[in-house]
Amino acid sequence: MIPTLIGVSLIVFFSIRFIPGDIVLVLSGARSDVTEEQRDQLRRNLGLDKPLPVQYVEWVGNAVQGDLGNSLKTQRSIATDIRSRMPVTIQLAIMAALVGLFVGIPAGVIAALRRGTRTELAAQGVALVGLSVPDFWLGTMFLLVASRYFAWYPGAQYVSIFDDVGKNLSIFILPALAVGISLSASLMRITRSALLDVMGSGYIVTARSKGLREAVVLRRHAFKNALIPIITVVGLQLGYLLGGVVIVETVFNLPGVGRYTVQAISDRDYPVVQATVLLITILVLFISLFVDILYAYVDPRIKYGSARSS
Amino acid sequence: MSAGAGTLEAGAELPRSARRQSFWSLYLRQFARNRGGMIGIIVLGAVAFSALFAPSVATHDPYEINRLVRLQGPSTAHWLGTDEFGRDLFSRIVFGARTSMSVAALAIVLATAIGAPSGIIAGYFGGWLDSLIMRVMDVIFSFPAILLALSITAILGPSLRNAAIALGIVYAPGFARIIRGPILSAKQLEYVEASRVIGASTPRILIRHLLPNVISPLVVTATVTFSFALLAEAALSFLGLGAQPPIPSWGVMLSDGRRFMESAPYLAIFPGLAVMLAVLASNLLGDALRDVLDPRLRL
Chain H
124 MIPTLIGVSL
134 IVFFSIRFIP
144 GDIVLVLSGA
154 RSDVTEEQRD
164 QLRRNLGLDK
174 PLPVQYVEWV
184 GNAVQGDLGN
194 SLKTQRSIAT
204 DIRSRMPVTI
214 QLAIMAALVG
224 LFVGIPAGVI
234 AALRRGTRTE
244 LAAQGVALVG
254 LSVPDFWLGT
264 MFLLVASRYF
274 AWYPGAQYVS
284 IFDDVGKNLS
294 IFILPALAVG
304 ISLSASLMRI
314 TRSALLDVMG
324 SGYIVTARSK
334 GLREAVVLRR
344 HAFKNALIPI
354 ITVVGLQLGY
364 LLGGVVIVET
374 VFNLPGVGRY
384 TVQAISDRDY
394 PVVQATVLLI
404 TILVLFISLF
414 VDILYAYVDP
424 RIKYGSARSS
Chain E
5 MSAGAGTLEA
15 GAELPRSARR
25 QSFWSLYLRQ
35 FARNRGGMIG
45 IIVLGAVAFS
55 ALFAPSVATH
65 DPYEINRLVR
75 LQGPSTAHWL
85 GTDEFGRDLF
95 SRIVFGARTS
105 MSVAALAIVL
115 ATAIGAPSGI
125 IAGYFGGWLD
135 SLIMRVMDVI
145 FSFPAILLAL
155 SITAILGPSL
165 RNAAIALGIV
175 YAPGFARIIR
185 GPILSAKQLE
195 YVEASRVIGA
205 STPRILIRHL
215 LPNVISPLVV
225 TATVTFSFAL
235 LAEAALSFLG
245 LGAQPPIPSW
255 GVMLSDGRRF
265 MESAPYLAIF
275 PGLAVMLAVL
285 ASNLLGDALR
295 DVLDPRLRL
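Chains as they are written, first to last, in the numbering used here: chain H, 124 to 433; chain E, 5 to 303.
I should point out that these hints are in silico values taken from the structure, not numbers from a laboratory.
Since the model is a prediction, treat every value here as computed from it, not as a measurement.
Ideal Cβ positions, reconstructed from N, Cα and C, are used throughout, including at glycine.
Treat the hints with caution; some may be incorrect.
As the list claims (entries may be wrong) - Simulated crosslink set (SDA-like; lysine to any residue; CA at most 25 angstroms straight-line): (1) 196(H) x 159(E); (2) 196(H) x 136(H); (3) 426(H) x 353(H); (4) 426(H) x 135(E).
As the list claims (entries may be wrong) - Stretch by stretch, here's where chain E covers chain H in the computed footprint (C-beta under 8 angstroms, at least three residues): (5) 243 to 254; (6) 264 to 272; (7) 365 to 371; (8) 386 to 394.
From just these sequences and the hints, can you work out the full model?
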């Protein structure tokens, strides 16, 4: 985990050096009204006048203390900007994850239990389509259908969940569905195959033959054992989920970290891009760590000894 | 090829060409029985055909501006309607296939070119080289894919070529990981040891004896990743970081179409359907290939 964190920060830090040409010239553009002094000033603001290792240590040191520098465009503190936008992104990610879990897992269980029927075939077909739909297009279609056929326009103005729950949810429901559907598709597929795997094993036969009701067999014996691969997939999909959130925020004009990043990219506001990419990646890493810990809780057979490195 | 290897293999009952053919035809027959896979290959083939022969498939010039037919709905003259410049949407979607398929294909080639040798070297040589390579791959892998692709195109500048480079880098660790495993287990098998004993060189062992072990996982990964790459290319272009106007690209068309959602919703609907169809086809193909080539993993 620690070496990965350092690696991530190195890549994010040095990425800005790979910009072809002189970054200062790129940023100040071909504008003739930018004087040489102003360019030097910009160079100093970016810390480009110091040796590279010093720059890196300073950048990481500041980042750890919550100082992510200032936006080149607005001069505002990036940390403050991110703090006000993070709740939007986190709420969208959580709601999308909930959509994924509550649609994907039951659908997978049903598909596994109805093996060989049309229900299974339909569930698999829907899942495959769900995996193939671009989430930003799905979001666009939701908006289209909502406004055209239901004359429903989700609020254009963001409202915090702490101010007005109803209004807040009406803004978040469509983007959460758009992002959550692809997650639910992959969860349905893995739930189905994990459950089918488990259902064929000896202890299920034992459980049935000792007279347990099918519901108990399913809940106590089958589902618990199928949970491990499901959790693995949830962990692996997190990055994908957050990627979807980043793009869908742009579609729905949600003032989250994703739209902030996309806007910064088109403004070539590199310190902002560095900060958000670093932050989101660290967030994903920490949630993955949490998922790893969850394994041990779900499956007592898994114990993390000192031999484990990452 | 050395003479020694020739005499060794001459001891088998069948000529080598015949044996190899039967090995692949077994897979081929299994694949042909997979209905999803066949649908996938037909649809993907059709998309690839439109991409390759776009000028013949398209009914109009995708760049031709005609202000007289702005924002017209689907008709016999313009099958899928026209955009805000009066350009034919069907023709632009056909040419868009060219954009999407070539970026995705280039990304896969690049990811394989980076990932496969890394995985083979890491798996075969082990030790510090393995740790170093896989650490680097782990770090790249820990970024959310689309976010990393976004940042790389932001750095290199928005263009189709850079989008392909970005996606190639993003997907490389997946290839390295999937290839390292089989190499790691195969290198300990007796036949590899035997060939080392009779004096085969390292490159020969790698290419002749270890590489065949990774072909199946490589093919499956490439197909699955191809569908991711199609989606990612659309997303990058949608955000303005991939194809630049006026190049026909599904992502850009979708993003442009959003401005006319009230008057001409089909402008946003059809490009998205095109993306979905291509991705669906390559997912079907990927599933079928996995069933045939890697029966342990069934989804």
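Results of checking the hints against the structure:
Only pairs whose Cα atoms come within 25 angstroms are accepted, and residue 196(H) paired with residue 159(E) is accepted, the gap being roughly 17 angstroms. Straight-line distance between C-alpha atoms of residue 196(H) and residue 136(H) comes to about 19 angstroms, which keeps the hinted pair within the 25 angstroms bound. As the CA atoms of residue 426(H) and residue 353(H) are separated by approximately 19 angstroms, the hinted pair is consistent with the 25 angstroms bound. Between residue 426(H) and residue 135(E) the CA atoms are separated by roughly 24 angstroms; this keeps the pair inside 25 angstroms, and the hint holds.
Counting residues of the segment 243 to 254 of chain H whose CB falls under 8 angstroms from any CB of chain E gives 3; the rule of at least 3 is met. With 5 residues carrying a beta carbon less than 8 angstroms from a beta carbon of chain E, the segment 264 to 272 of chain H meets the three-residue requirement, and the given coverage holds. For a cut-off of 8 angstroms, the count of residues in the segment 365 to 371 of chain H with a CB near a CB of chain E stands at 5, and the three-residue condition holds. Counting residues of the segment 386 to 394 of chain H whose beta carbon lies closer than 8 angstroms to any beta carbon of chain E gives 4, which meets the minimum of three for the stated coverage.
Going through the hint list in order, the structure satisfies each hint without exception.
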